[in-house]
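Position 50, counted from 1, in the sequence shown is what the UniProt record's numbering calls 50; the numbers after and before it change by one each time, with no gaps.
Don't read these hints as lab results, they were simulated from the structure.
Among the hints, a few may not be true.
As a list, the in silico BS3-like pairs of lysine-lysine whose alpha-carbon atoms are at most 30 Å apart [as the list claims (entries may be wrong)]: (1) Lys16 - Lys147; (2) Lys16 - Lys2; (3) Lys2 - Lys147.
All values derive from a computational prediction rather than experimental measurement.
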Amino acid sequence: MKRLTQYAQGGGCACKIPAGDLERLLGSAEMPLPREPAAELLVGLESGDDAAVVRTQDGTVIISTADFFTPVVDDPYDWGRIAAANALSDVYAMGGRPVVALNLLCWPPDLLPYELASEVLRGGAEVAAQAGCHLAGGHSVIDAEPKYGLAVTGIADPGRLLRNDAGRPGLPLSLTKPLGLGVLNNRHKSTGEVFPHAVETMTRLNADASRAALAAGIRCATDVTGFGLLGHLHKLARASRVTAVIHASAVPVLDGAAQAIREEFVPGGSRRNLDWVAPHLDRGDVPEETLLLLADAQTSGGLLVAGEIPGAPVIGELIEHTGHTIIVRP
């Protein structure tokens, strides 16, 4: 079987445009307001949240997002499952339920047979079905690199949204999936080693975690994907005007991830994440290896929740703003 990861420069969410570059890009682009809008924008670009949210004139709250990326694993079926779970996660991170999705497929037919693309689509369809989300068509283009993902529409209760700007001092921070997906995926790309526990983590939906957060009355959350735990936490703390304290020893980590960092299987995206957050970080004497793991570019990672939910370890807390957005302690 052709190794899909060899047909892409990046891999998974590590192939995102760097966070700092993206913010400059969006800041320089004029975004005119619509004339006679059909819906009220509740969540837009301002806080860099996980998805857009609008409320229609009849009160319906709609969540809209899109996410796609280059292969993160060589198995096409697993790649499809991972990409779909990752795209659906943006809706769960907002406290919503996905209702319909569209495939987004870019494919190089001169390099890879369409039979592999069919397996990618089959994997995505299975995860969408598991989520109770209709998969109704989509869009495809010929491209030099294979890419796959979903555009997802969800619904939510306007009084129970999860937002990244709703953090308050005194709230604990919980993380629902372990870190290390970026370095393990990079090792897989470099060596061909397969990590079933990483695939299981990436294909696991964040639906249960989202429902648990809503049931606990939590109102602040985000998912941890391409900008790493530190990157997404920086955005949450900045939007909420608080400081986040992380206890590195409490952060769950996948087996083999620390060794992969020691053996230098660190994606370029993870290093860029750390460079971006570093000016806003009080790292104390925490070693670089630990910081790289905290900044590791995750693909289909877990939810970072300002509150406690069953089964999710508490990794820190929010405090009054100190001048840094994040303090890392051993």
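Taking the hints in turn, this is what the structure says about them:
no., hint, verdict
1, Lys16 - Lys147, "12 Å, holds"
2, Lys16 - Lys2, "24 Å, holds"
3, Lys2 - Lys147, "15 Å, holds"
No hint from the list above goes unmet by this structure.
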